[in-house]
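There are 2 protein chains.
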Amino acid sequence: MKVVKFGGSSLANGEQFKKVIQIVTSDPSRQVIITSAPGKRFAEDTKVTDLLIAYAEHFLDYEDTSAIQAVIFSRYQEIAQTFELPADQLVWLKKELRKLQEKTYPNAAYLLAAFKAHGEYFNARLLTLILNHLGVPARFVDPREIGLLVTSDPNNASVLPDTYENFEKFKYGSEKLILPGFFGVTAEGEIATFSRGGSDITGAIVARGLHAELYENFTDVDAIYAANPRLVKNPYAITKMTYREMRELSYAGFSVFHDEAIVPAIEGRVKINVKNTNHPDRPGTMIIPYQEFTPLTRVTGITSSKHFAALYLHKFLLNKGAGLTLKILNILYKHGISYEHMPSGIDDLTIIFDKSQLTAEKKQAVSRDIRAALRPDELSWIDDYALIMIVGEGMHNRIGIMKDIILAISDHNINIHMINQGASEISIMLGTKSADADRAVKYIYEAFF
Amino acid sequence: MKVVKFGGSSLANGEQFKKVIQIVTSDPSRQVIITSAPGKRFAEDTKVTDLLIAYAEHFLDYEDTSAIQAVIFSRYQEIAQTFELPADQLVWLKKELRKLQEKTYPNAAYLLAAFKAHGEYFNARLLTLILNHLGVPARFVDPREIGLLVTSDPNNASVLPDTYENFEKFKYGSEKLILPGFFGVTAEGEIATFSRGGSDITGAIVARGLHAELYENFTDVDAIYAANPRLVKNPYAITKMTYREMRELSYAGFSVFHDEAIVPAIEGRVKINVKNTNHPDRPGTMIIPYQEFTPLTRVTGITSSKHFAALYLHKFLLNKGAGLTLKILNILYKHGISYEHMPSGIDDLTIIFDKSQLTAEKKQAVSRDIRAALRPDELSWIDDYALIMIVGEGMHNRIGIMKDIILAISDHNINIHMINQGASEISIMLGTKSADADRAVKYIYEAFF
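Residue numbers (UniProt numbering), protein chains in the order written: chain A, 1 to 449; chain B, 1 to 449.
Honestly, I wouldn't trust all of these hints.
In this list, chains with the same sequence are indistinguishable; a pair is considered to hold if it fits within one copy or across any two.
[Stated by the list, open to error] BS3-like, lysine-lysine: derived pairs with alpha carbons at most 25 Å apart:
1. Lys103 - Lys47
2. Lys103 - Lys240
3. Lys433 - Lys171
4. Lys18 - Lys240
5. Lys47 - Lys355
6. Lys18 - Lys233
7. Lys171 - Lys47
8. Lys240 - Lys315
9. Lys315 - Lys271
10. Lys315 - Lys18
11. Lys169 - Lys271
12. Lys240 - Lys169
13. Lys94 - Lys18
14. Lys315 - Lys233
15. Lys306 - Lys2
16. Lys40 - Lys433
17. Lys327 - Lys233
18. Lys240 - Lys271
19. Lys315 - Lys442
20. Lys363 - Lys327
21. Lys306 - Lys171
22. Lys327 - Lys40
23. Lys240 - Lys99
24. Lys403 - Lys94
25. Lys18 - Lys362
26. Lys433 - Lys103
Just so you know, the hints here were simulated from the structure itself, not pulled from any lab data. None of the values given here were measured: they were computed from a predicted structure.
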């Protein structure tokens, strides 16, 4: 049995639904289908998830929501009409969409989560209706019914271990099972979503929980590429890679597959096949355990991510006091900020953050507290920090890889702030200003491919 | 006025004392002299500090101490005899040496500190007696008299800020002032020593506190070398370097000058001249503020230190929990262990420690606590870890420096565990197994000199 997940662009309109149905019905083992919400149909389009967020915000601001409801409904209606689904079969959708405003929620964050989750929910129920309409036995499965339990972080939940026990009790026949991605239910019975793009996570949880032989992840690219096609012309398509390669690459910008989705796949040893809904016959990229992997290239992928910021601290004898870093981390913890990396010199420390956590106020508060606690000689922020990851199971000789990386960028006036060839055996991390990151990826790519 | 400090080998016997007296009397501005305890006279000799430690241990073990007292006394007696000092002028020394056993101490750690400190104390008083005997006006200054106040860490004290206020009140004429290095007095009036080699620290504190124009540090090498002469043949002698270069180099193995002694020198902006007691006419190495420094070479020095160990941790989504590193640091804090560096990958973390803090029991306890708190997928220790530092104010183009480093070692099968080109602008740090460190230093040296 395979679990098959379709991304938002694969389910954006009726024409895309046709491709999805063709893919699903062409292979009886493709039994469990995870839906995203309808994505963009063209570059300027708005994803249904964003429409639902706007709907929630209008409602919370006591603004009229009839126009936005109509736009959302029309997205599903257009799909239904492609398959000549009778109009009365969508009455429930219009009603449930409106009734989102009438329910009670613990707070605005849970309200937002519930609104957002309905993009996937409606799409899964609609796909079930269409399959049944076409004579394909199919059954909608609600995450609340199957027991997909998550933590009480309304918009950034994680799966709870009990989920897998619940899945063991789930009974089904040979019909297609259609599950909405992106959300689960908390211990209190509320809807909570994973982080954005979280349908990948649902797919991985379901694939693990139902012991799938394969998790097919259908999206809109033929394969995962060794570098971003916007930076490098015709990049090398990766045919096979390991879980941990995928994880390291998605951490720093490979957006094809959600990095948190790797973990359930690893835990269940479910292989992942990233494929293209528009070219389903192409092999795509297989993500497999490293025990089954023979690297063909020294480097598998190169990526950069610009969503970082860094705090630089200098103080004489900084590393002498055993408790100094502890003080810094307690300050970060107090302000609810987590850090990504913390390279240290003799008397200095750089703390690298995911920028999305930092507001001007938080930065000021952190600076003030650190100044008071540590009295540093220097404290400064680098606002546009990028991390570049060079990843490969084939990098047995890391010093040789490093040589080629350095040779590739040393003549191009690229300022490297940090080189972190730390603990990981399969990656090298560089820190640079955002402005230099794209060029660095290009030169490094050219050195290895 | 210059503060002049002499190391243990410079004061090891009567012949060395002659050189010291020649140096001190040849320049009237050499007014303040800091003494070490008598060091080794030949390779197999025992330093007086180690004899005093043995004396303390014998005493604590209720063993007979008369033999060790006699050996210690003979070291000073030999020096006195070289200058034909009348025998009755050393009666006090024999008496004070014995009376160390009769005093009361808050605990064994303070007892050890007081015993140790007498190596410098006796040498300073002896040098004063000899100078007076030779007709040179000289005055012994006790750290307790001048108010050299330190923290209540009996064997690893730090200077307290009040020291500098006390120094401002200190009155003196044109006579030579002889101060013992290595120790100060706590708020409770007890003797506490700096860490081993701490006479350098006393010299820097005194130079700052008495506003010396220069701090001359006399030892047994002609200069500070760009690499360890035991690893590299005829290494380049550094004529000038900056405070922070010296600090980074001494951190990782440059043992010529105590790294904690840099800080008072910087605070007081006192230049340091490292010179050779055996060749006092040679220029030695000047350590100066970087504002006054023009680098002549890209790299100033290369050093390695093998006294490290590393703990490797791997856990999926390790860096997701904001409080995970905090938990680790709290565990280290609880066990009284400080860490040096903590390079992190996506799902892994390496923690590098000064090995001297780690016993087998502490490692077990830390492993157990971290396992319980984090449940890592992997936890392993690297017991023989070395850090290599490449330091230079001249490394404006760090990526170019890195290129040459990598090219130098890449063909020699040296396994680099970590490259930390972190926050510091004037250094690059490599982590490697101890077995590879010496070879790496050699190849890197050859690339730059």
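Results for each hint:
1. Lys103 - Lys47: within (24 Å within a copy, 83 Å between copies)
2. Lys103 - Lys240: Neither: 46 Å inside a copy, 75 Å across copies.
3. Lys433 - Lys171: neither (53 Å within a copy, 55 Å between copies)
4. Lys18 - Lys240: neither (28 Å within a copy, 76 Å between copies)
5. Lys47 - Lys355: within (24 Å within a copy, 55 Å between copies)
6. Lys18 - Lys233: neither (31 Å within a copy, 76 Å between copies)
7. Lys171 - Lys47: neither (34 Å within a copy, 80 Å between copies)
8. Lys240 - Lys315: between (47 Å within a copy, 23 Å between copies)
9. Lys315 - Lys271: Between copies only: 20 Å across, 48 Å inside.
10. Lys315 - Lys18: Neither way: Lys315 and Lys18 sit 63 Å apart in one copy and 41 Å across, limit 25 Å.
11. Lys169 - Lys271: Only inside one copy: Lys169 and Lys271 sit 23 Å apart there, 77 Å across copies, limit 25 Å.
12. Lys240 - Lys169: neither (34 Å within a copy, 75 Å between copies)
13. Lys94 - Lys18: within (23 Å within a copy, 102 Å between copies)
14. Lys315 - Lys233: Close neither inside one copy (45 Å) nor across copies (35 Å); limit 25 Å.
15. Lys306 - Lys2: Classified as neither; 35 Å inside a copy, 53 Å across copies.
16. Lys40 - Lys433: neither (31 Å within a copy, 53 Å between copies)
17. Lys327 - Lys233: Close neither inside one copy (47 Å) nor across copies (45 Å); limit 25 Å.
18. Lys240 - Lys271: Answer is within: at 11 Å inside a copy they meet the 25 Å cutoff, but 60 Å across does not.
19. Lys315 - Lys442: Answer is neither; intra-copy 36 Å and inter-copy 31 Å both fail.
20. Lys363 - Lys327: Intra 16 Å, inter 23 Å, cutoff 25 Å: intra and inter.
21. Lys306 - Lys171: neither (45 Å within a copy, 61 Å between copies)
22. Lys327 - Lys40: neither (46 Å within a copy, 43 Å between copies)
23. Lys240 - Lys99: neither (46 Å within a copy, 78 Å between copies)
24. Lys403 - Lys94: neither (60 Å within a copy, 63 Å between copies)
25. Lys18 - Lys362: neither (48 Å within a copy, 63 Å between copies)
26. Lys433 - Lys103: Intra 47 Å, inter 62 Å, cutoff 25 Å: neither.
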